[in-house]
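*Asks:* Residue strings, one per chain:
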Amino acid sequence: MKKVVLRVFGMTCNDCVSRVRAGLLEREGVLDASVSLKDGTAVVQIDEGVVRPDDLELLPVFKGGRYRAQVRSVE
Amino acid sequence: MNDEYDLVIIGWGAAGFAAAIKASEITSGQARIALIGDGPLGGTCVNFGCVPSKYLIEAAAEAHAGSRHRGVSLARPSVDFRELMNGLREAVAGERTRKYEQVIARYENVELIHGRASFVNDREVVVNGRRISGYNFLVSTGSSPVIPDVPGISEFMTTNNFWNMSEMPSTLVIIGGGAAGLEIGQAMSRLGSEVHIVEPRRLVPPHADPDASSIIARSLQADGVRLHLGFTAARAEDGYLIIKGNGEELRIRADAVLVSAGRTPNVEGLNLDAARVAYGKNGVATSRTMQTSNPRIYAAGDVVAQRFMLETLAAREGAVAAENMYEHLGIEVNELEFPRALFTQPQMASVGTLEDECAGCRSKSVPLESVPRARIAGDTDGLFKVVVDREGRVVGVHVVAPNASEIIVEGAMAVRHGLSLSDIVDQPHVFPTISEGIKLAAQSFSRNVEDMPCCVE
Ligand SMILES: Cc1cc2nc3c(=O)[nH]c(=O)nc-3n(C[C@H](O)[C@H](O)[C@H](O)COP(=O)(O)OP(=O)(O)OC[C@H]3O[C@@H](n4cnc5c(N)ncnc54)[C@H](O)[C@@H]3O)c2cc1C
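Heads up: the protein sequence lines correspond to chains A and B, in order. Here the first sequence is numbered in the working numbering, starting from 918 and rising by one per residue. Here the second sequence is numbered in the working numbering, starting from 70 and rising by one per residue.
Mixed in with the good hints, there may be bad ones.
[What the hints assert, rightly or not] Think about it this way: if two alpha-carbon atoms lie no more than 35 Å apart in a straight line, the pair counts; the simulated DSBU-like pairs of lysine-lysine are:
hint, chain 1, residue 1, chain 2, residue 2
1, A, K920, A, K955
2, B, K168, A, K980
3, A, K980, A, K955
4, B, K168, A, K955
5, A, K919, A, K980
6, A, K919, A, K955
[To be verified] Here are the in silico distance ranges between beta carbons for each label pair:
hint, chain 1, residue 1, chain 2, residue 2, range
7, B, S187, A, K980, 35 to 45 Å
8, B, R459, A, C930, 56 to 66 Å
9, A, D964, B, E73, 22 to 32 Å
10, A, P977, B, S187, 51 to 61 Å
11, A, S935, B, V215, 49 to 59 Å
12, B, S97, A, V922, 51 to 61 Å
13, B, S213, A, S935, 28 to 38 Å
14, A, E943, B, P497, 30 to 40 Å
15, B, H486, A, V967, 56 to 66 Å
16, B, S491, A, P977, 36 to 46 Å
17, B, S213, A, C930, 21 to 31 Å
18, B, P497, A, D964, 42 to 52 Å
19, B, F377, A, P977, 16 to 26 Å
20, A, E943, B, V172, 50 to 60 Å
[As the list claims (entries may be wrong)] If we take Cβ atoms under 8 Å as the criterion, some of the chain A residues that face chain B in the derived model are:
hint, residue
21, R924
22, F926
23, G966
24, R969
25, P970
26, E974
27, V978
28, R985
29, Q987
30, R989
Don't read these hints as lab results, they were simulated from the structure. Don't be surprised by glycine CBs; every beta carbon is placed ideally from N, CA and C.
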């Protein structure tokens, strides 16, 4: 298991937080995600055998719409 | 406020601005951006480059305007150079305010920081003793004029301070026959200076289509510019510049000297090694996605080791760098798709490859004289040349015409989209326009244009 910290851009309300969290949890291999509106971050627990940290940046929730993500750290 | 940014941009010219704005748009204004710069906001293009030079050229064209038609005569215009330069500086200040200062002020997420930046490590730069850390960086520090070593020369201008001039020099010697030297040289000659251009190579501008270059050289000479091709500036003494070449030595009176002998990327003083960014004297090495050897650090514009120094290329690269940071799409920039122009009269514009750079390519050209509109206008110095590869795709277009800089965009579309000759021939044009020249050049691969009546499809 790995802990990935994402910088998330484009969130403006609690609704955004739920959408980003749901978008992350949709992906197989994402075990848990906590999203902070105040910091513009998401802390994501992943099973690195199933999903790579960089794959998170390319999830549908971060494409097309208003949210964008960057992997900032992997532990 | 802490000094931690999502993006730190070093250099606030075209590339830096484009990146700051694109990054803000993509992140809904949430990326915290430091835009660091030295000198006036907007960098080279607006302050010392495109804008003042095109202003001078426009003014000189008015001063030079004559009639080409029987029965029309124009009064000889007079030039108040001091007033002209005041107007030029006002225009520059106006553009800077409108397109840079006021624009960036609308972005609350972008902080402007005045000073020279230098990397401390790959996460931090220092500006006037202040440490600024960031996640992504963009190196967009532009380029500076190259100053050749000419013994005895004490006072000279570069394109950085040429625009501060108020007195028209009676003789102006320009060292370097590149785009800036030719444009400024022709304009100053038209305004009344005696202009000499000294260039070691035989072709002006260098790296251009040779047929196109010779038309430009002829046009400048016809305007009174003295072109010293094959000559180098050897030394200066008592208000004269001694130039050598072709086994000769000439003494030219020089009331003013403008050095425009090329530009070098601004990599000095950035301490790029500390950030593990690979670079050489030709600039910062990047992939086509504008990423440097350090994946979190990008570079864009004149500082990049690449062939062309263009405002449009700088801005595109800055925007693409920002897109690649936040969109993760790996968008690439192909500089050969960028059209470039020399704003002399006639203008010269090119896109893609030159004939002699491309093995197996074929080319055809038609003189501007073959284009009906040019004959009607009485302005026939020019040509259209099209270069195609083995598969018949258009890979280069070179134009000399009064409005070549506007017309070249059709060629740029052809090169960018890999169009064929028949795509160009089948494209309806307007009769009578100069732009029909590209169609004629494409037709000339399969028929003799001199045997064609007007408007042949
Ligand atoms: C006379 C002339 C005419 C031109 N005409 C045209 C034209 O008609 N069309 C065209 O497309 N192009 C033209 N160009 C070229 C065009 O101006 C440049 O390609 C373009 O401006 C490059 O933009 P840039 O953002 O890369 O660099 P710049 O605009 O040079 O910006 C770089 C900025 O970085 C700053 N800087 C440098 N080092 C540091 C540091 N260590 N820390 C902080 N800041 C730093 C500089 O002071 C500057 O503000 C012309 C150039 C000249 C000189």
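*Asks:* It remains to establish, for every hint, whether it holds in the given structure.
*Replies:* Each hint tested on the structure:
{"no.": "1", "hint": "A:K920 with A:K955", "result": "20 Å, holds"}
{"no.": "2", "hint": "B:K168 with A:K980", "result": "30 Å, holds"}
{"no.": "3", "hint": "A:K980 with A:K955", "result": "22 Å, holds"}
{"no.": "4", "hint": "B:K168 with A:K955", "result": "33 Å, holds"}
{"no.": "5", "hint": "A:K919 with A:K980", "result": "23 Å, holds"}
{"no.": "6", "hint": "A:K919 with A:K955", "result": "23 Å, holds"}
{"no.": "7", "hint": "B:S187 with A:K980: 35 to 45 Å", "result": "37 Å, holds"}
{"no.": "8", "hint": "B:R459 with A:C930: 56 to 66 Å", "result": "58 Å, holds"}
{"no.": "9", "hint": "A:D964 with B:E73: 22 to 32 Å", "result": "31 Å, holds"}
{"no.": "10", "hint": "A:P977 with B:S187: 51 to 61 Å", "result": "41 Å, violated"}
{"no.": "11", "hint": "A:S935 with B:V215: 49 to 59 Å", "result": "57 Å, holds"}
{"no.": "12", "hint": "B:S97 with A:V922: 51 to 61 Å", "result": "20 Å, violated"}
{"no.": "13", "hint": "B:S213 with A:S935: 28 to 38 Å", "result": "52 Å, violated"}
{"no.": "14", "hint": "A:E943 with B:P497: 30 to 40 Å", "result": "50 Å, violated"}
{"no.": "15", "hint": "B:H486 with A:V967: 56 to 66 Å", "result": "41 Å, violated"}
{"no.": "16", "hint": "B:S491 with A:P977: 36 to 46 Å", "result": "42 Å, holds"}
{"no.": "17", "hint": "B:S213 with A:C930: 21 to 31 Å", "result": "47 Å, violated"}
{"no.": "18", "hint": "B:P497 with A:D964: 42 to 52 Å", "result": "59 Å, violated"}
{"no.": "19", "hint": "B:F377 with A:P977: 16 to 26 Å", "result": "38 Å, violated"}
{"no.": "20", "hint": "A:E943 with B:V172: 50 to 60 Å", "result": "38 Å, violated"}
{"no.": "21", "hint": "R924", "result": "7 Å, holds"}
{"no.": "22", "hint": "F926", "result": "4 Å, holds"}
{"no.": "23", "hint": "G966", "result": "22 Å, violated"}
{"no.": "24", "hint": "R969", "result": "13 Å, violated"}
{"no.": "25", "hint": "P970", "result": "12 Å, violated"}
{"no.": "26", "hint": "E974", "result": "5 Å, holds"}
{"no.": "27", "hint": "V978", "result": "13 Å, violated"}
{"no.": "28", "hint": "R985", "result": "5 Å, holds"}
{"no.": "29", "hint": "Q987", "result": "7 Å, holds"}
{"no.": "30", "hint": "R989", "result": "7 Å, holds"}
Hint check: violations occur at hints 10, 12, 13, 14, 15, 17, 18, 19, 20, 23, 24, 25 and 27; the rest are consistent with the structure.
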